[in-house]
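Single-letter residue listing:
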Amino acid sequence: MPFGNTHNNFKLNYKVEDEFPDLSKHNNHMAKILTKELYGKIRDRQTPSGYTLDDVIQTGVDNPGHPFIMTVGCVAGDEESYEVFKELLDPVISDRHGGYKPSDKHKTDLNFENLKGGDDLDPNYVLSSRVRTGRSIKGFTLPPHNSRGERRAIEKLSVEALTSLDGEFKGKYYPLKSMTDAEQEQLISDHFLFDKPVSPLLTCAGMARDWPDGRGIMHNDNKTFLVWVNEEDHLRVISMQPGGNMREVFKRFCVGLQKIEEIFKKHNHGFMWNEHLGYILTCPSNLGTGLRGGVHVKLPKLSTHAKFDEILTRLRLQKRGTGGVDTASVGGVFDISNADRLGSSEVAQVQLVVDGVKLMVEMEKKLEKGEAIDSMIPAQK
Amino acid sequence: MPFGDAHNQVKMKFSSEEEYPDLSNQHNNHMAKYLTPAMYRQLRERATPNGFTVDGVIQTGVDNPGHPFIMTVGCVAGDEETYEVFKELLDPVIEDRHGGYKPSDKHKTDLTSSNLKGGDDLDPDYVLSSRVRTGRSVRGFCLPPHCSRGERRAVEKLSIEALASLSGDLNGKYYALKNMTDAEQQQLIDDHFLFDKPVSPLLLSSGMGRDWPDARGIWHNDNKTFLVWVNEEDHLRVISMQKGGNMKEVFNRFCTGLTKIETLFKERNHAFMWNEHLGYVLTCPSNLGTGLRAGVHVKLPNMSKNAKFEEVLKKLRLQKRGTGGVDTAAVGGVFDISNADRLGFSEVELVQMVVDGVKLLVEMEKKLEKGQSIDDIMPAQK
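Those sequence lines, one after another, are chains A and B.
For the first sequence, the positions run 1 to 381 when full-length UniProt numbering is used.
For the second sequence, the positions run 1 to 382 when full-length UniProt numbering is used.
Derived by calculation from the structure, the hints in this document are not laboratory data.
Remember, it's a predicted structure, so these values are computed and weren't measured experimentally.
Backbone N, C-alpha and C fix where the C-beta goes; we use that ideal spot for every residue, glycine too.
Any given hint could turn out to be false.
Stated by the list, open to error - If you only want the chain B side, here are some residues facing chain A, beta carbon under 8 angstroms, derived:
hint, residue
1, K11
2, F14
3, E18
4, P21
5, K178
Modelling step: build the complete structure from the supplied sequences, incorporating the hints.
Here's what the structure looks like:
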């Protein structure tokens with residue numbers, strides 16, 4: 001709440017040593033990069049909407065992180081944050097996204113026809129397929145920083161755009177604040193409902209302010225396409241269905257996203273994008289494609305194999321429990337998805353998932369038969 | 001953390017109606033009661049000299065609708081000037097919360113403990129412990145919802161200096177939260193002294209948990225009867241406490257210690273925030289005036305089940321809580337009984353109400369134990 005320009009200027013009366021956060025017990029990307037010297041150099045800046053360095057780093061100061069899990073520890077408050085605070089964010093991005101350099105260009109490819117295969121993952125193993133991403137709407141500040149007026153304007157634009165979709169995308173918008181009990185129950189059963197963030201990573205960055213004002217969920221009648229409005233990003237777009245037809249899921253994803261983007265462009269509010277960072281999102285970890293394409297897949301044998309983690313690393317995939325990030329796997333069922341976000345396109349990332357999961361299911365089948373999988377271990381992608 | 005001037009200018013492009021919070025969703029707090037759209041339109045153009053804006057004041061009340069039975073305040077001050085710059089909102093909130101206290105009223109401060117009559121003879125068979133607490137804000141710094149790390153550390157530094165120069169009964173030690181040993185932490189927990197990072201969304205939504213545990217700490221005297229919290233919900237929370245019913249002694253130590261600390265801060269050109277209308281200025285409007293809560297843990301198993309218990313408390317201007325503090329339940333018939341008022345009465349007056357009121361409640365308890373009626377000793381409204 002406090003870090004606007006008047007207070008920022010007032011803080012400059014205090015020496016850098018006095019204002020520099022204590023990061024001695026911290027393990028996150030921000031803490032790794034932010035030295036006292038760097039802090040001193042950029043602390044007097046602010047974006048045009050008044051976002052300051054202390055705003056960017058507050059979540060990382062308040063949440064030291066975990067010895068094993070490297071959190072990002074900083075957020076953007078608007079599109080300009082990535083430029084105004086580049087001395088901090090460029091190295092964070094490089095560290096988080098496998099050495100991505102300030103001069104690198106990111107490729108966007110939402111042409112689903114460029115995906116090879118992906119329609120034949122074995123449904124005996126692959127229980128469900130899902131692709132999600134986020135989008136930010138140009139002309140508004142981001143969830144850590146935006147006002148009620150901005151958030152409501154985003155909701156209004158989103159509702160217009162989403163309720164004008166037709167065909168397989170035809171659906172309904174449910175604002176969180178006026179949902180009936182019955183609607184809420186149904187959305188919970190469908191695993192669609194998102195709740196007020198409890199994670200201090202998000203609340204310390206100010207993303208839960210004014211909850212549930214301006215927040216809501218749209219889904220199509222078929223329950224295969226879902227949009228969250230004003231949660232951690234302006235929009236989160238999800239395509240999903242039971243079974244292993246990732247190709248169909250990705251097609252719906254690309255088509256739906258492009259339809260939505262057109263409508264926003266017509267209102268002079270395209271999505272935030274640039275050729276270096278791709279799609280601009282609140283958390284630096286989601287830059288580029290912002291895409292997580294994944295499956296819930298039964299791998300009871302492979303997951304206990306000594307080389308499981310190595311295989312995942314080589315395939316550029318990551319595992320999670322079926323409750324999502326930071327949950328454990330249940331009954332040998334894992335959430336397997338792409339590890340990368342920035343520096344490769346949407347098609348490339350989904351291809352990695354499709355090819356990688358296909359291979360892992362083959363490995364699982366071999367292990368079931370008591371056969372070795374050593375010859376199948378892939379090269380580093 | 002967006003509510004500085006530049007973003008305030010961005011927000012001004014949206015109409016007041018578009019920015020006005022939705023307070024219809026079961027909001028039941030003082031702020032929601034008074035903040036009309038017209039008032040919001042007027043206040044949103046302003047900022048204090050330190051850049052605190054109306055959205056900063058009200059965020060906690062927007063995020064925490066409240067409870068049908070418990071009327072929370074729903075707004076906080078970010079600096080001393082908040083109470084002036086946003087008076088259109090805060091004056092009615094203060095009036096509502098503090099029994100009709102008007103903008104023209106003057107508050108009386110009296111920390112002369114010898115003005116307290118009695119209070120040294122509450123029956124220790126019933127009164128298990130006595131405690132007086134208050135808060136103080138250090139002039140020249142923003143308050144916990146708004147202060148920077150530099151300001152918070154400066155408050156801590158001044159506090160350590162001031163407290164280190166106390167002696168005699170008040171000789172003690174400061175424990176910074178961020179480099180406490182496990183042994184020290186355990187001891188402070190056992191002594192019921194340790195305060196933890198706030199978990200209450202009422203506090204977190206207003207930004208008071210930022211940078212935890214940087215510059216937060218606890219000071220206590222060797223005798224463990226005088227305790228100061230640094231940079232929790234207020235710059236300073238000062239607590240005097242001991243077992244048994246000698247409230248006079250507790251209040252005596254309280255006044256002596258506070259006065260000494262205030263002198264030390266004044267010597268360093270940082271007096272406490274105080275004015276003749278609002279008394280001591282604190283973060284939450286509910287703690288203005290004396291900021292004082294004087295209370296006892298007292299056994300009232302019979303009295304608390306009596307149909308007139310609530311009425312008696314009201315007449316005595318007292319309130320009950322469980323022994324875990326605010327929003328906890330009583331255990332084993334033991335209640336925390338304390339003054340209900342903060343503003344418009346002096347410290348001596350409030351402690352007097354507790355002393356006299358608890359003495360009466362214990363008499364009533366004894367009567368009820370003997371099966372006697374308490375009707376003839378019902379008090380008038382104080």
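Against the structure, the hints come out as follows:
| no. | hint | in the structure |
| --- | --- | --- |
| 1 | K11 | 4 angstroms, holds |
| 2 | F14 | 3 angstroms, holds |
| 3 | E18 | 4 angstroms, holds |
| 4 | P21 | 6 angstroms, holds |
| 5 | K178 | 7 angstroms, holds |
The earlier numbered hints are all upheld by this structure, with none contradicted.
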